[in-house]
Amino acid sequence: MTPDLIKVLLLLGLCVVLFIINRPRMDVVALMMIVLLPMTGVITLPQALAGFSDPNVILIAALFVIGEGMVRTGVTVEVGSWLVKKANSSETRLLALLMIAVALLGSVMSSTGVVAVFIPVVISMARRLGLSPSRLMMPLSFAGLISGMMTLLGTPPNMVLDGALRQNGSAGFSFFSFTPIGVVVLAMGVVYMLVARRWLRAGEPEEEKERYRRSLAHFISDYHLEKRGRRLRVGPGSPIIGESLEALNFRRAFAANIIAVERPGRFHGELLHPSARMELRPHDILLVDFFEGQEGREPDPVLRLTELPLQGLYFMERANEVGMAEVAVPPESKLIGKTLIELSFRSRFGLSVVGIRRSGKALPAGILEEKLRMGDILLVAGPWKAIRQLQSRFHDFLVLSLPVEIDDVAPAAEQRPFALGTLLLMIALMVGGVVPNVLAALIACLLMGLFRCVDLTSAYRSIHWQSLILIVGMMPFAHALESTGGVALAVGHLMDAMSGAGPRLVLAGLFAATAVTGLFISNTATAVLMAPIAISIAGYLKASPLPFAMTVAIAASCAFMTPISSPVNTLVLGPGHYRFFDFVKIGVPFTLLVMAVAVLVIPWLFPLFP
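Counting in our numbering, the sequence shown runs without a single skipped number right up to 610 at its last residue.
No lab work stands behind these hints, which were simulated from the structure alone.
All residues carry an ideal CB built from backbone N, CA and C; glycine is no exception.
You may find that some hints are simply not true.
As the list claims (entries may be wrong) - DSSO-like mimics (lysine-lysine), calculated; alpha carbons at most 27 Å apart, straight line:
id, residue 1, residue 2
1, 334, 542
2, 361, 371
3, 371, 338
4, 385, 334
5, 361, 334
6, 371, 334
7, 338, 361
8, 338, 385
9, 227, 361
10, 227, 371
11, 334, 227
Said to hold, decoys possible - Estimated spans, in silico, between C-beta atoms of each pair:
id, residue 1, residue 2, range
12, 395, 227, 30 to 38 Å
13, 436, 1, 52 to 60 Å
14, 428, 24, 36 to 44 Å
15, 170, 496, 48 to 56 Å
16, 1, 455, 47 to 55 Å
17, 263, 411, 16 to 24 Å
Please work from the sequences and hints to get the whole structure.
Structure (structure tokens):
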């Protein structure tokens with residue numbers, strides 16, 4: 001062991017200790033290593049800083065922007081809604097569906113990209129079900145890693161091993177050679193995470209604070225809106241067809257507010273926000289808030305309005321478009337002393353007042369004629385855009401409470417088709433190998449900006465710099481360990497220890513050597529180093545090289561044991577509020593289980609001796 005190798009190992013040990021105690025933050029530790037490694041003389045300063053120009057780092061940053069585009073256009077909310085609907089409020093079913101979906105998508109595109117896109121989806125789903133994100137983030141990262149075991153394109157190490165086999169004169173792997181093993185590991189992973197999630201912490205204090213933010217359901221309960229919302233369809237031949245809302249005057253005629261109008265024409269129907277001049281059309285669906293005391297009022301048969309069922313409380317099924325907020329009337333407000341009708345409130349602000357609280361109590365019926373007083377709290381309902389605009393009208397209103405659902409609002413929902421098209425184009429470019437993955441992601445970023453799915457502010461804000469700095473800071477260790485002979489020394493000792501062992505024990509030792517090596521360098525570099533060793537061992541035993549190469553490929557994807565073993569783990573570290581040891585206690589047992597499966601299944605699929 002050379003002096004240079006001792007220096008590198010000491011720094012690596014220091015790094016691991018600091019990661020375990022979580023003091024200071026991991027990204028700060030990574031920056032410290034960037035400074036200290038060149039000072040040892042083992043690597044140069046350009047080598048220490050090379051990670052900042054690494055294509056994989058740029059790829060990850062670009063994928064954060066793609067994920068932001070999915071959030072701003074509402075794609076992530078739609079995916080989350082579908083998963084939550086299929087899960088039917090069951091955390092167990094949700095976890096299984098999430099892992100299966102991520103593994104399948106990751107089998108044909110970058111697992112890092114899939115995980116980056118799914119992080120906001122998981123946060124949204126956890127919020128809806130009242131769960132801590134830590135219960136789902138690690139299953140997300142595990143599924144992303146397992147996706148590399150599903151197909152030949154699942155991860156670069158698979159292609160590295162395939163190329164090594166072909167250069168050695170072997171047949172190599174087919175596209176689905178990995179699939180049987182990947183399916184077994186995925187099934188085992190789902191079952192394992194259903195048990196292991198109990199070992200994860202409930203969440204950080206700020207997350208617990210998030211749980212106590214008020215939601216639309218709280219507003220509905222506080223203002224007794226549960227039975228006031230109704231959906232009425234305008235039938236053909238109705239006398240109100242062609243009439244403007246101003247002329248119909250629903251407030252005086254029916255003691256009701258029209259919160260929104262659903263107009264057929266899109267997948268979910270176009271949701272229009274009512275204005276005085278809006279004219280009703282056949283088959284329009286009115287989202288009507290009947291005032292307290294009028295909830296059971298039946299529509300006049302002459303109007304030909306058909307009542308439709310509501311899904312959930314009030315109008316929460318359209319919570320991505322229609323929201324509520326509490327606003328207070330400050331002392332200097334010009335609204336004081338005037339009624340809502342005198343103010344033409346909806347025409348002026350684009351929102352309907354559906355409740356008033358005075359001295360802590362919700363007022364009963366008749367709020368339209370109630371003169372507003374200083375300190376009154378109004379519950380307004382309408383488009384989220386209009387609700388946000390109230391924050392700039394601080395002379396008239398003081399926004400007191402915004403529901404947690406506002407975090408899921410898609411400010412660029414109309415650009416959703418362009419976001420989906422851009423994502424599909426990126427996947428096609430990656431799968432087809434038309435351009436390098438990083439260029440495919442950068443092209444997608446530019447298209448996201450061109451189609452206004454993201455703006456520059458949201459794009460820069462979406463990048464999780466802590467994760468990128470951590471990845472960049474750990475990259476110099478790979479070069480330092482290789483240049484000082486550390487990796488070769490460790491692998492050599494392991495190979496000596498396996499001399500005279502049976503074929504399956506050799507596979508187990510090869511798996512362990514690959515997995516341990518992958519703790520310190522990237523899985524691609526691990527595959528490059530271990531591929532010739534695996535093929536040489538097969539030649540020494542006069543066995544087929546396929547099972548040995550497959551063992552290395554599967555082991556290279558088993559980066560479950562630490563948050564720095566793979567960018568996939570690093571991505572979920574912050575959102576999941578995990579510590580270094582969380583990955584150790586969950587990842588090490590699962591890695592051992594995968595090793596057992598690999599040693600048992602691989603020789604059966606790929607016979608050791610032809």
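Tested hints:
Annotation: proposed proximity of residue 334 to residue 542 is violated, straight-line Cα distance about 90 Å (limit 27 Å). Straight-line distance between C-alpha atoms of residue 361 and residue 371 comes to about 16 Å, which keeps the hinted pair within the 27 Å bound. Distance restraint check for residue 371 and residue 338: the Cα-Cα separation of roughly 5 Å lies within the 27 Å cut-off, and the hinted pair is therefore satisfied. For the proposed pair residue 385 and residue 334, the alpha carbon gap of about 22 Å is at most 27 Å, so the pair holds.
This hinted pair checks out: residue 361 and residue 334 have alpha carbons roughly 23 Å apart, not beyond 27 Å. The suggested pairing of residue 371 with residue 334 holds, with an alpha-carbon distance near 12 Å, which does not exceed 27 Å. Between the alpha carbons of residue 338 and residue 361 the distance comes to roughly 20 Å, so the proposed pair stays at or under 27 Å and holds. Among the hinted pairs, residue 338 with residue 385 is consistent with the structure: their alpha-carbon atoms are about 25 Å apart, no more than 27 Å.
Distance hint between residue 227 and residue 361 is fulfilled; the C-alpha atoms sit about 19 Å from each other, no more than 27 Å. Between residue 227 and residue 371, the direct Cα distance comes to roughly 25 Å. Compliance with the 27 Å bound is thereby established for this hinted pair. With a C-alpha separation of about 32 Å, the suggested pairing of residue 334 with residue 227 is violated against the 27 Å cut-off. For the hinted restraint 30 to 38 Å between residue 395 and residue 227, the CB-CB distance of approximately 36 Å keeps it satisfied.
At about 38 Å, the beta-carbon gap between residue 436 and residue 1 misses the expected band of 52 to 60 Å. Between residue 428 and residue 24 the C-beta distance comes to about 42 Å, which sits within the given range of 36 to 44 Å. For the pair residue 170 and residue 496, the beta carbons lie near 26 Å from each other, so the given range of 48 to 56 Å is not met. Take residue 1 and residue 455: their Cβ atoms lie about 54 Å apart, and the range 47 to 55 Å holds.
Range check, residue 263 to residue 411: about 21 Å between beta-carbon atoms, so the 16 to 24 Å window is met.
Of the numbered hints given earlier, the model fails hints 1, 11, 13 and 15; all others are met.
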